[in-house]
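Engineer: Read off the chains here:
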Amino acid sequence: MSFQPDILGAAMTWLPVDTDAPSERDAVLGLHPTAYARHREFLDATAAATDPELLELCKLRMAQHFGCREELARHSEDGPPSLTALHAAALDFVDQFVLDPSLVSREQVAALEGELGTKGVIHLTMAVAAHEASLRLSTVLDLAPAEA
Amino acid sequence: MSRLAIPDPPPGLGLSAYLRDYTDPAPADAFSEFSKAALRIDGVERETLELIRIRNAVVQSCHL
Numbered sequence: 001m002s003f004q005p006d007i008l009g010a011a012m013t014w015l016p017v018d019t020d021a022p023s024e025r026d027a028v029l030g031l032h033p034t035a036y037a038r039h040r041e042f043l044d045a046t047a048a049a050t051d052p053e054l055l056e057l058c059k060l061r062m063a064q065h066f067g068c069r070e071e072l073a074r075h076s077e078d079g080p081p082s083l084t085a086l087h088a089a090a091l092d093f094v095d096q097f098v099l100d101p102s103l104v105s106r107e108q109v110a111a112l113e114g115e116l117g118t119k120g121v122i123h124l125t126m127a128v129a130a131h132e133a134s135l136r137l138s139t140v141l142d143l144a145p146a147e148a
Numbered sequence: 001m002s003r004l005a006i007p008d009p010p011p012g013l014g015l016s017a018y019l020r021d022y023t024d025p026a027p028a029d030a031f032s033e034f035s036k037a038a039l040r041i042d043g044v045e046r047e048t049l050e051l052i053r054i055r056n057a058v059v060q061s062c063h064l
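Chains A and B, in that order, are what the protein sequence lines are.
Residue numbering for the first sequence follows this note's numbering, starting at 1 and increasing by one per position.
Residue numbering for the second sequence follows this note's numbering, starting at 1 and increasing by one per position.
Among the clues, some could well be false.
Examples of chain B residues lying across from chain A (beta carbon under 10 Å, computed) [to be verified]:
id	residue
1	Leu4
2	Gly14
3	Asp29
4	Lys36
5	Ala37
6	Ala38
7	Glu45
8	Thr48
9	Leu49
Simulated from the structure, these hints should not be mistaken for lab results.
Values in this document were obtained by computation on a predicted structure and should not be read as measured data.
The beta-carbon is built from N, C-alpha and C at its ideal position, and this holds for glycine as well.
Produce the complete structure using the sequences and hints provided.
Structural biologist: Shown next as structure tokens:
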């Protein structure tokens, strides 16, 4: 099935997108294929260095902050999470990170460092930063959720 | 120094380079490749981008 652009809620777009792309993200960001490929590789590299469940939790939280419909749709059937101390520390960190990273406290970092170690905190921070940018990009462009 | 529980970097070594000792190089390398590719996008003017980076650094109190 070919992809139907849904940019800004309209059935058509002036962007010269590939209407055979599997998703609006692929169609729009694929306008710059090399940069998009490196972008995906960056996201994948940060994700590979991080606990996937923890990253998904952080991505959902950021998507809720931004109102990112593309990401929120991926979690539409998630049940309520049961939060561990690590999850709570990560969400506390993420909440401050997206609002003002300069105000992330030493205590917030220390709480994470106690769970993940220094290397783990750096990796999680890189992953959160990378995926935050991607989610902001999606939100600004109002990318439609990928079809299941 | 940083908010992390690690010693200060040796004199003359920048924080970014120092933190690479604590990380898997793959994400940092992938970021570098993405940055280079993004700068090659048609219509991306380096001077304008630098101004935006500086503005964002000021807003976010980034000292790098």
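Engineer: With reference to the structure, classify each hint as holding or not holding.
Structural biologist: Hints and how they fare:
{"no.": "1", "hint": "Leu4", "in the structure": "holds (5 Å)"}
{"no.": "2", "hint": "Gly14", "in the structure": "violated (15 Å)"}
{"no.": "3", "hint": "Asp29", "in the structure": "holds (8 Å)"}
{"no.": "4", "hint": "Lys36", "in the structure": "holds (8 Å)"}
{"no.": "5", "hint": "Ala37", "in the structure": "holds (4 Å)"}
{"no.": "6", "hint": "Ala38", "in the structure": "holds (5 Å)"}
{"no.": "7", "hint": "Glu45", "in the structure": "violated (15 Å)"}
{"no.": "8", "hint": "Thr48", "in the structure": "violated (17 Å)"}
{"no.": "9", "hint": "Leu49", "in the structure": "violated (13 Å)"}
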